[in-house]
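Peer 1: Starting from the structure of chain A, add chain B where the hints point.
Residue numbers (the working numbering), protein chains in the order written: chain A, 1 to 319; chain B, 1 to 227.
Hints in this document: simulated from the structure, not taken from any laboratory.
One or more hints might be untrue.
Straight-line C-alpha distance at most 30 angstroms; calculated BS3-like pairs for lysine-lysine [what the hints assert, rightly or not]:
| # | chain 1 | residue 1 | chain 2 | residue 2 |
| --- | --- | --- | --- | --- |
| 1 | B | K149 | B | K106 |
| 2 | B | K121 | A | K266 |
| 3 | B | K121 | B | K106 |
| 4 | B | K70 | B | K106 |
| 5 | B | K26 | B | K198 |
| 6 | B | K198 | B | K126 |
| 7 | B | K26 | B | K106 |
| 8 | B | K126 | B | K70 |
| 9 | B | K149 | B | K70 |
| 10 | B | K106 | A | K188 |
| 11 | A | K188 | B | K198 |
| 12 | B | K121 | A | K188 |
| 13 | B | K26 | B | K50 |
| 14 | A | K188 | B | K26 |
| 15 | A | K188 | A | K266 |
| 16 | B | K126 | A | K266 |
| 17 | B | K50 | B | K70 |
| 18 | B | K198 | B | K50 |
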Amino acid sequence: MPTRVRDPTLQNRLQNSAPNRERPHVDALIPPLLNGTALGALLLLAALGLTLTFGQMGVINMAHGEFIMAGAFIAYLTQLVVTSSNISIVLALPLAFLGAGLLGLLLEVGIIQWMYRRPLDTLLVTVGVSLILQQIALQIFPAQGVPVESPGWLDGQADILGYAWPLRQVFTIVLAALCLAALAAWLKYTSFGRRIRATVQNRDLAETSGIPTRTVDRITFFVGSGLAGVAGVAASLIGGTNSQMGTQYIIPAFLVVVAGGVGQIKGTVIAAWAVGIALSFFADWTTGSMAQVLAFVLVVIFLQFRPQGLFTVRTRGLT
Amino acid sequence: MLEMNDIQAGYGRTLVLHGVTLPSAKVVAVLGHNGAGKTTLLRAAIGLIKPRSGQVIFDGDDITTVPPNKRVARGMAYVPQGQQSFAQLTTMENLQLVADGRRRGKALIEQQFSRFPALEKFATRKAGLLSGGQRQQLAIARALITEPKMLILDEPTEGIQPTIVAEIEHTVMQLASEGLSVLLVEQHIGFALEAADKYLVLASGFASSTGEGGASAAEGVRVAMAI
Numbered sequence: 001m002p003t004r005v006r007d008p009t010l011q012n013r014l015q016n017s018a019p020n021r022e023r024p025h026v027d028a029l030i031p032p033l034l035n036g037t038a039l040g041a042l043l044l045l046a047a048l049g050l051t052l053t054f055g056q057m058g059v060i061n062m063a064h065g066e067f068i069m070a071g072a073f074i075a076y077l078t079q080l081v082v083t084s085s086n087i088s089i090v091l092a093l094p095l096a097f098l099g100a101g102l103l104g105l106l107l108e109v110g111i112i113q114w115m116y117r118r119p120l121d122t123l124l125v126t127v128g129v130s131l132i133l134q135q136i137a138l139q140i141f142p143a144q145g146v147p148v149e150s151p152g153w154l155d156g157q158a159d160i161l162g163y164a165w166p167l168r169q170v171f172t173i174v175l176a177a178l179c180l181a182a183l184a185a186w187l188k189y190t191s192f193g194r195r196i197r198a199t200v201q202n203r204d205l206a207e208t209s210g211i212p213t214r215t216v217d218r219i220t221f222f223v224g225s226g227l228a229g230v231a232g233v234a235a236s237l238i239g240g241t242n243s244q245m246g247t248q249y250i251i252p253a254f255l256v257v258v259a260g261g262v263g264q265i266k267g268t269v270i271a272a273w274a275v276g277i278a279l280s281f282f283a284d285w286t287t288g289s290m291a292q293v294l295a296f297v298l299v300v301i302f303l304q305f306r307p308q309g310l311f312t313v314r315t316r317g318l319t
Numbered sequence: 001m002l003e004m005n006d007i008q009a010g011y012g013r014t015l016v017l018h019g020v021t022l023p024s025a026k027v028v029a030v031l032g033h034n035g036a037g038k039t040t041l042l043r044a045a046i047g048l049i050k051p052r053s054g055q056v057i058f059d060g061d062d063i064t065t066v067p068p069n070k071r072v073a074r075g076m077a078y079v080p081q082g083q084q085s086f087a088q089l090t091t092m093e094n095l096q097l098v099a100d101g102r103r104r105g106k107a108l109i110e111q112q113f114s115r116f117p118a119l120e121k122f123a124t125r126k127a128g129l130l131s132g133g134q135r136q137q138l139a140i141a142r143a144l145i146t147e148p149k150m151l152i153l154d155e156p157t158e159g160i161q162p163t164i165v166a167e168i169e170h171t172v173m174q175l176a177s178e179g180l181s182v183l184l185v186e187q188h189i190g191f192a193l194e195a196a197d198k199y200l201v202l203a204s205g206f207a208s209s210t211g212e213g214g215a216s217a218a219e220g221v222r223v224a225m226a227i
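Here chain B stands alone, though its shape is the one from the complex:
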């Protein structure tokens, strides 16, 4: 569904990704140490940074120069790192923002409320006042309301209390099993590999190793990351 071929990207004069190609699979996990270029790869996937060279192809179309909002319209959804939300908007407004203009807008919000009951409970609360875990649920709900074909998740369980981590992991697995494509960056290797069909290990902006997902891959990945 999403292809990224030989991507070179960076910020200012600093090159972060030195020609990275994403393995093609329904669920892909990107692993690596801090600063390896994982987030940069995802930002290039959704269009927040323009690659200096290489191609991004979604659903057969070259979208390398398409702005992020149009990528969302094409069926990509992005949940950035750090439980980001529109802090001054209420939980409901955060959801309405993406539901506006959609035919089944209300139903889509209801659907997310049943997926994440906490959001319904705090619908009128400003998103900035939610807990980290609730904000992350809100971020995922916001992404799902756009009815994506593909979900891009940047460290969805980072800095979140363990009980909610389990819920979020469960949600991601469930979405993947429902047929949604997922591109996942995750520090928690066990969960990432369990969810993934294929994995990519990044090291200093290079693709250092790639292979099939599944629990059995964990040992190989740990070795690849240790190098």
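This is chain A alone, in the form it adopts within the complex:
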């Protein structure tokens, strides 16, 4: 399984571009730190959607990784229509949000709405959906994947802390930060955000306060899946775009959700960063697959000491 997300040439470039100073220890630490932050940003985009749907509805959606894949393919398709990669990537972001969101909505209306609060059932069913979506992608697109050209303005490198940072990774981090800020503001300041928070905290009370919780669920599912689509666009610039790509993100994304505390945005941000960096360091020392195993073990150990994750809200639905 190709789990090494980071740019394989990056370390060389970073080492070559490192300032001519005697600090071998720092030089060994910085590149995986930078890589890990970018990977963490990607995981954050993936995990935000998951934490919303898992936190609010108790749905374990294993097909979430395929929404990332859908976003990446939408970036590719956009590029076929709008050939200037400078513009197409910007267009691809809202399109991927919409496309993956609709896919999520379809899944909710078609299947998941019948199995709320039955996490195990949703897990089994969505694994099936995930395989179906992968197969569909394999039927449409070549097995070896498709190239998504990164726009000219993302080709260069930025000089941060004396190290050259590929702009594509900076882009991912900025994108994640923007999505996070937008989501947080939406949840905090809009009437719909209030409805979501109320539904997460106490579904029965929300329903008897006149809130149509089923509609709230659907829109939450749409937004959560849409964020995965946005993650897909970013992923298409960093790693490969193929039918298998979702599988490499889904497990770390769930690790992030659980370690961060289900339904907790603050915890998700910290956990995404930590898991991203852990994966990068482990991948540097071992292999990509081994890195996932080690990250998994680390999170399991962490949960032994803090089973509720980094942060918690006491909600009736999740006790």
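Peer 2: Here is chain B on its own, set in the frame of chain A:
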């Protein structure tokens, strides 16, 4: 206004209500010991559980299968047991939540602030940090913002300090006198009967006795509950 006819309801395999019919009156008090099925009856009234048989009729329409949020839209309001609120939302957000989308939303919130001044004082405080009595006032305020025709109250004075109990009782009496229909579950028999036009005593899921409200009914109710 609200009719509940021959309601059978329960959880899983356990049947809690064995064919209960609610007396029809403006203010109805449901009395009975713990586990008699009072809360279950109210949950069936607002739609949180579906009766296995029987009918729920509101304003002449059969609403037996209507989901709770639509019942609220039709004019029912429900204040559940245990001073429930959205603990992580502020007092103001709790109120805005129900005021959103209403034409006079702001005015409705102001109206509740003047009814319960404590809520205005703690408007920016998270509801989870309010005292039990304040949370109950918040729950009642939230229900009233939906401009209901009928208020369903499940033990509104349970576990609340005596001074606020008096305030809440006063509020309920006042609302009833303003013409609001009330369905009330209450352990405090004296207050319940004073407020009620009719009462229903539940025992082990059966309607064991029913009659006119008023202070004079207290003796009969105590006898009915002792059986």
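Peer 1: Compare the structure with each hint and give your call.
Peer 2: Taking the hints in turn, this is what the structure says about them:
1. Between the alpha carbons of K149 of chain B and K106 of chain B the distance comes to roughly 20 angstroms, so the proposed pair stays at or under 30 angstroms and holds.
2. Distance restraint check for K121 of chain B and K266 of chain A: the Cα-Cα separation of roughly 29 angstroms lies within the 30 angstroms cut-off, and the hinted pair is therefore satisfied.
3. With a C-alpha separation of about 16 angstroms, the suggested pair K121 of chain B and K106 of chain B falls inside the 30 angstroms cut-off, and the hint holds.
4. Our distance criterion of 30 angstroms between C-alpha atoms is met by K70 of chain B and K106 of chain B, whose separation comes to about 22 angstroms.
5. Simply put, K26 of chain B and K198 of chain B have alpha-carbon atoms about 8 angstroms apart, close enough for the 30 angstroms limit, and the pair holds.
6. The straight-line distance between the Cα atoms of K198 of chain B and K126 of chain B is roughly 38 angstroms, outside the 30 angstroms bound, and the hint therefore fails.
7. This hinted pair checks out: K26 of chain B and K106 of chain B have alpha carbons roughly 29 angstroms apart, not beyond 30 angstroms.
8. Note on K126 of chain B and K70 of chain B: the hinted pairing holds, with a Cα-Cα distance of about 27 angstroms set against a maximum of 30 angstroms.
9. Restraint check for K149 of chain B and K70 of chain B: satisfied, since their Cα atoms lie roughly 14 angstroms apart, inside the 30 angstroms limit.
10. Restraint check for K106 of chain B and K188 of chain A: the C-alpha separation of about 19 angstroms stays at or below 30 angstroms, so the hint holds.
11. Note on K188 of chain A and K198 of chain B: the hinted pairing is violated, with a Cα-Cα distance of about 45 angstroms set against a maximum of 30 angstroms.
12. The suggested pairing of K121 of chain B with K188 of chain A holds, with an alpha-carbon distance near 21 angstroms, which does not exceed 30 angstroms.
13. Restraint check for K26 of chain B and K50 of chain B: the C-alpha separation of about 24 angstroms stays at or below 30 angstroms, so the hint holds.
14. Between K188 of chain A and K26 of chain B, the direct Cα distance comes to roughly 40 angstroms. Violation of the 30 angstroms bound is thereby established for this hinted pair.
15. For the suggested pair K188 of chain A and K266 of chain A, the alpha carbons sit about 13 angstroms apart, so the restraint of at most 30 angstroms is met.
16. Note on K126 of chain B and K266 of chain A: the hinted pairing holds, with a Cα-Cα distance of about 18 angstroms set against a maximum of 30 angstroms.
17. Taking the CA atoms of K50 of chain B and K70 of chain B, the gap is near 14 angstroms; set against the 30 angstroms cutoff, the hint holds.
18. Between K198 of chain B and K50 of chain B the CA atoms are separated by roughly 25 angstroms; this keeps the pair inside 30 angstroms, and the hint holds.
Hints 6, 11 and 14, counting from the list given before, are not met by this structure.
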